[in-house]
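If you read the protein sequences in the order shown, they are chains A and B. Residue numbers for the first sequence follow the working numbering, so the first one is 1 and each next one is one higher. Residue numbers for the second sequence follow the working numbering, so the first one is 1 and each next one is one higher.
Nothing false has been slipped in among the hints.
Listed below are several chain A residues computed to face chain B (Cβ distance under 8 Å; list not exhaustive):
hint, residue
1, I148
2, T173
3, A192
4, S197
5, F209
6, K211
7, G212
Anything over 12 Å on all C-beta distances counts as not near chain A; from chain B, calculated:
hint, residue
8, M25
9, S27
10, D52
11, T54
12, D66
13, D69
14, L92
15, D94
16, D96
17, H112
18, E117
19, K153
20, C156
Worth flagging that the hints you see were computed from the coordinates, not collected in a lab. Each residue gets a CB set at the ideal place from its N, CA and C atoms; glycine is no exception.
2 protein chains.
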Amino acid sequence: MLKQPRKAPRANGRPSLTPEEAEGMRSAIVDAAREIILEGGMPKLTARNLQDRTGMSVGKIYHYFDDMDAVATAVNSRTLADLDQMMVDEALSDPDASPTDILIGLALAYHHFARQEPKLWSALFERGITVMVTSTADWHLQEHLRLIGYVVKALCRLLPGRNEEACWLHARTLLSAVHGVVFLSVEGRYVAVPRESVDEELRFLVGGFCKGMSAV
Amino acid sequence: MLKQPRKAPRANGRPSLTPEEAEGMRSAIVDAAREIILEGGMPKLTARNLQDRTGMSVGKIYHYFDDMDAVATAVNSRTLADLDQMMVDEALSDPDASPTDILIGLALAYHHFARQEPKLWSALFERGITVMVTSTADWHLQEHLRLIGYVVKALCRLLPGRNEEACWLHARTLLSAVHGVVFLSVEGRYVAVPRESVDEELRFLVGGFCKGMSAV
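The following block holds chain A by itself, in its conformation from the complex:
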């Protein structure tokens, strides 16, 4: 949650920051937090490390953000915007693409983003923003969840007989499945698919799911 900076004049008599200046301070804090995560991952995002990086006191940082979760959320919001941009560039730029092509493209973009920015991507699931979506209304309301809307939209085109709620449910399944493949592979855990095979396997998985859904 962003805090409104207090309006009281400073102790030294100079006027308090303008809204633009306050936004600049917030932005500088988020820049520093992002660098910390890029270097060492979310666990390194502590008030102390942020103080060392920005040269601002912990008190000053907490003037602009309620707590470190709020700082983490601000970094995650930027990451989601970057992910969104990659999905648009990779999967949504061809107006003639079929719904299946779009869904495969979105899955590949998701994978490519995770590989390109593994620390920022992992941070999405570790702290701050909880990308928990429980109903269709949520992603209409939440700008940063546009990416889920892309999947719903393509599924609704693929399955014209089904209503949006049904597409929404299948979109969650597909996203969870793709997330599972990407997450385990990026983390190298459990039964991870090897890095060089993930794109091809995602094509099989998403393409197969689309075929299966169309046939029902």
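Once you've looked at the hints, dock chain B against the given chain A.
This is chain B only, laid out in the frame that chain A set:
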């Protein structure tokens, strides 16, 4: 790693434990560890809590296990055996089942186990055993990874033209995808599929994947 108990006679002159007695001690420690995880999850599995639960000193516990990771691994091994049994019961008991039916059945069993034993299931991915499988040889060697073999076997039946290595790769993809759906739903995170829809959605996902793979 299990430690061989030291053979030296006890300070009080009584002979050291027989192998059966030592095995009984180990088993009692694992029982207690499993109860601790069932009650509070893997984070509660500490040497101190194990001492309180078993009445054995920490030193005595470390006489039988190298460290707490080894205790966690022993609990996870039991969990995997239970999961294996549920998969056999739910998915492998019908000799006339098609490969697709078997693969759907395995996915459902995976989900049902996670719902029935959420704490033991989560513990599999938190500590101890790293269920990291990198080649076909691994699951032939590792008894507790039989469950992956079930998937490979069904896929090889479904895709008779493909060699075992290819089936193995697709099995990893399918397991990762199913894991993604189950994991996010059980944890209630991200774009989780609601509990009551997971079975049906897994049928779509696995059935679709099987269709897609067969058509390639």
